[in-house]
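Asker: Listed below are the residues making up each chain.
Protein chains: 2
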Amino acid sequence: MSDPSQTPARRGRPGYDRERILEIAVEMFIAQGYDATSVSALAARLGLSKSALYHHFASKEELLQVALDEALGGLEAVLAEAEARDGSARERLEHMLLGAVLVLADRLAYVTLLLRVRGNSDIERAALERRREFDRRVTALLRVAQAEGTVRSDVDPSVATRLLFGMVNSIVEWYRPTGAEQAKDLARDVLTVALDGLATS
Amino acid sequence: MSDPSQTPARRGRPGYDRERILEIAVEMFIAQGYDATSVSALAARLGLSKSALYHHFASKEELLQVALDEALGGLEAVLAEAEARDGSARERLEHMLLGAVLVLADRLAYVTLLLRVRGNSDIERAALERRREFDRRVTALLRVAQAEGTVRSDVDPSVATRLLFGMVNSIVEWYRPTGAEQAKDLARDVLTVALDGLATS
Numbered sequence: 001m002s003d004p005s006q007t008p009a010r011r012g013r014p015g016y017d018r019e020r021i022l023e024i025a026v027e028m029f030i031a032q033g034y035d036a037t038s039v040s041a042l043a044a045r046l047g048l049s050k051s052a053l054y055h056h057f058a059s060k061e062e063l064l065q066v067a068l069d070e071a072l073g074g075l076e077a078v079l080a081e082a083e084a085r086d087g088s089a090r091e092r093l094e095h096m097l098l099g100a101v102l103v104l105a106d107r108l109a110y111v112t113l114l115l116r117v118r119g120n121s122d123i124e125r126a127a128l129e130r131r132r133e134f135d136r137r138v139t140a141l142l143r144v145a146q147a148e149g150t151v152r153s154d155v156d157p158s159v160a161t162r163l164l165f166g167m168v169n170s171i172v173e174w175y176r177p178t179g180a181e182q183a184k185d186l187a188r189d190v191l192t193v194a195l196d197g198l199a200t201s
Numbered sequence: 001m002s003d004p005s006q007t008p009a010r011r012g013r014p015g016y017d018r019e020r021i022l023e024i025a026v027e028m029f030i031a032q033g034y035d036a037t038s039v040s041a042l043a044a045r046l047g048l049s050k051s052a053l054y055h056h057f058a059s060k061e062e063l064l065q066v067a068l069d070e071a072l073g074g075l076e077a078v079l080a081e082a083e084a085r086d087g088s089a090r091e092r093l094e095h096m097l098l099g100a101v102l103v104l105a106d107r108l109a110y111v112t113l114l115l116r117v118r119g120n121s122d123i124e125r126a127a128l129e130r131r132r133e134f135d136r137r138v139t140a141l142l143r144v145a146q147a148e149g150t151v152r153s154d155v156d157p158s159v160a161t162r163l164l165f166g167m168v169n170s171i172v173e174w175y176r177p178t179g180a181e182q183a184k185d186l187a188r189d190v191l192t193v194a195l196d197g198l199a200t201s
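If you're matching them up, the sequences are chains A and B in order.
Using full-length UniProt numbering, you'd call the opening residue of the first sequence number 1 and step up by one each time.
Using full-length UniProt numbering, you'd call the opening residue of the second sequence number 1 and step up by one each time.
It is possible that some hints are incorrect.
Same chains, same label: a pair holds when it works inside one copy or across any pair of copies.
Stated by the list, open to error - In silico SDA-like pairs for lysine to any residue, Cα to Cα no more than 20 angstroms straight-line:
| no. | residue 1 | residue 2 |
| --- | --- | --- |
| 1 | K184 | E23 |
| 2 | K50 | E83 |
| 3 | K50 | D135 |
| 4 | K184 | D154 |
| 5 | K184 | V159 |
| 6 | K184 | R132 |
| 7 | K184 | P157 |
| 8 | K50 | A147 |
| 9 | K184 | S153 |
| 10 | K184 | R152 |
| 11 | K50 | E129 |
| 12 | K60 | G87 |
| 13 | K184 | R131 |
| 14 | K184 | G87 |
| 15 | K50 | V159 |
| 16 | K184 | H56 |
| 17 | K50 | Q182 |
| 18 | K184 | D156 |
| 19 | K50 | E133 |
| 20 | K50 | A183 |
| 21 | K60 | L191 |
I should point out that these hints are in silico values taken from the structure, not numbers from a laboratory.
Here the structure is a predicted model, which is why all the values come from computation and not from measurement.
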C-alpha cells in the first residue's frame with residue numbers, strides 16, 4: 001500500500017467521485033487507524049476542501065459505514081446465494097467458501113478494515129453483530145452438512161467455522177491482487193485445504 | 001508522573017516481579033497499542049514509580065523485546081524439536097502444528113502482541129524477520145513432505161504455510177484459556193482440519 005502522505009494535495013482535482021473518496025479514506029483508516037484519521041487530514045489528502053468532501057459524505061462515520069457495508073454486503077450476498085442453492089449442504093458450503101475468498105480478493109481494503117473493527121462505536125458494534133450473524137449461519141450450514149454425513153462430525157461446527165474463516169481472513173495479511181485468475185486459484189487452494197486437507201491420504 | 005506524590009500509596013509494593021510486570025505491560029500494549037503506551041502510564045497501572053519499574057526493565061523497548069522473544073522463542077523451539085525428530089516429514093509437520101497451537105494457547109498474550117507487530121522499529125522489524133524465517137522453515141518442511149508423497153503437491157507450499165498459520169494465528173482472536181485439555185482438543189481440531197480436511201471423503 002502506498003503511503004497516503006506521499007501524494008501532494010491536488011486541490012480541485014477533477015474525477016474524485018464518491019467511490020474514489022471512499023477508497024482513499026479506507027486506505028488512510030487502514031494505514032493510521034480510523035480514530036486517528038481526521039476529516040481535515042482526509043480532505044488534505046484528497047486535495048478537497050472539507051465542504052467539498054462533505055458534499056459526498058455527510059461524516060467520517062458515513063465513510064466507515066459505507067466501507068463496512070461493502071465488505072459485509074459482499075460476504076452476506078455470497079452466503080445467501082449459497083444457502084439458496086439446490087444440492088447438498090457440502091456443495092453450499094463449498095460455494096460459500098469459494099465466493100467468500102473472491103469477495104475478499106475483490107474488496108481487499110474493505111474486508112481488511114472490517115477485520116480491524118473492535119467495537120469502539122455503534123457503527124463498529126453493528127458490524128461486529130453482522131459478522132457474528134454471518135458466523136452463526138455458516139455454523140448452521142456446517143451442522144446440516146454434518147447431519148447429511150458429508151462433513152466430519154468430530155470437530156465442533158462453531159470451532160470449524162472459526163478455523164475456516166481464520167484461514168480465509170488471514171489472506172488479507174499477504175494477498176496482493178494481480179488478477180481474477182490468481183484469486184480463483186487461491187479460492188481453490190482454500191477449498192482444497194479446508195475440505196480435503198493437505199494430506200494425501 | 002514526575003511528581004512522586006502521585007504514587008506514594010503503592011510505592012515499593014511487594015509481589016511485582018519481572019514476569020508480572022511483563023504480563024501487565026503486554027496487556028496494556030494489546031489494549032491501547034505499544035506506541036500509545038507510555039512508561040508513566042505503565043508505572044501508574046503497576047502502582048510503581050518509574051525508577052522502580054526501570055529497576056526491572058531498562059526501557060519500554062526491553063519489555064517489547066522480552067515479550068516478543070517469549071512468543072517467537074516458544075514457536076521456534078517447537079519447530080526445532082519437530083525438525084530434529086525421526087520419522088516422516090508429515091509426522092514432523094504434525095508435531096510442529098500441534099506444538100504451535102499449544103504455545104499459542106499457553107502464551108496467548110505474547111503471541112497476540114507478536115501478530116500485531118507491523119515493523120515500526122528495529123525490534124519489530126527483527127521480530128518480523130524471525131517470523132519470515134519461521135515460515136521459510138515450515139515451507140521447507142512442507143516441500144519435503146510433498147516430495148515424500150505424504151502431503152498433496154497441488155497446493156504451493158508457501159501458500160499452504162500461509163493458510164495453515166492463518167488458521168492457527170486466528171485462534172488468538174477468540175480463544176480464552178480454561179485449561180490444558182481444552183488446548184489439546186483445539187490442537188487436535190487444527191491438525192484434523194489442516195491435514196485431513198472437513199470432508200468425510
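Asker: Give the relationship of K60 and L191 under a CA distance limit of 20 angstroms: within one copy only, between copies only, both, or neither.
Answerer: Result: close neither inside a copy nor across copies, 37 angstroms intra and 43 angstroms inter.
Asker: My question is about K50 and E129: at a cut-off of 20 angstroms on alpha-carbon distance, are they close within one copy, between copies, both, or neither?
Answerer: neither (32 angstroms within a copy, 41 angstroms between copies)
Asker: Given identical chains, is K184 near P157, meaning Cα to Cα at most 20 angstroms, within a copy, between copies, both, or neither?
Answerer: between (26 angstroms within a copy, 17 angstroms between copies)
Asker: How would you classify K60 and G87 at a CA-CA limit of 20 angstroms: within, between, both, or neither?
Answerer: neither (43 angstroms within a copy, 57 angstroms between copies)
Asker: With identical chains, the pair K184 and R152 could be close in the same copy or across copies; at 20 angstroms between alpha carbons, which is it: within, between, both, or neither?
Answerer: between (26 angstroms within a copy, 19 angstroms between copies)
Asker: Classify it for me, K184 with D156: is the Cα-Cα distance of at most 20 angstroms met within a copy, between copies, both or neither?
Answerer: This pair counts as between: shortest inter-copy Cα distance 14 angstroms, intra-copy 28 angstroms.
Asker: Up to 20 angstroms between alpha-carbons, please classify K50 paired with A147: within, between, both or neither.
Answerer: neither (56 angstroms within a copy, 59 angstroms between copies)
Asker: How do K184 and R132 come out at 20 angstroms by Cα distance, when the copy is not named: within, between, both, or neither?
Answerer: neither (26 angstroms within a copy, 25 angstroms between copies)
Asker: Should K50 paired with Q182 be assigned to within, between, both, or neither, using CA atoms and 20 angstroms as the limit?
Answerer: neither (39 angstroms within a copy, 53 angstroms between copies)
Asker: Cα distance capped at 20 angstroms. Does K50 pair with D135 within a copy, between copies, both, or neither?
Answerer: Answer is neither; intra-copy 38 angstroms and inter-copy 45 angstroms both fail.
Asker: One pair to classify: K184 and S153, alpha carbons no more than 20 angstroms apart. Within, between, both, or neither?
Answerer: Between copies, since 18 angstroms is at most 20 angstroms while 28 angstroms is not.
Asker: My question is about K50 and V159: at a cut-off of 20 angstroms on alpha-carbon distance, are they close within one copy, between copies, both, or neither?
Answerer: Classified as neither: same-chain Cα gap 46 angstroms, cross-chain 43 angstroms, threshold 20 angstroms.
Hint check: violations occur at hints 1, 2, 3, 6, 8, 11, 12, 13, 14, 15, 16, 17, 19, 20, 21; the rest are consistent with the structure.
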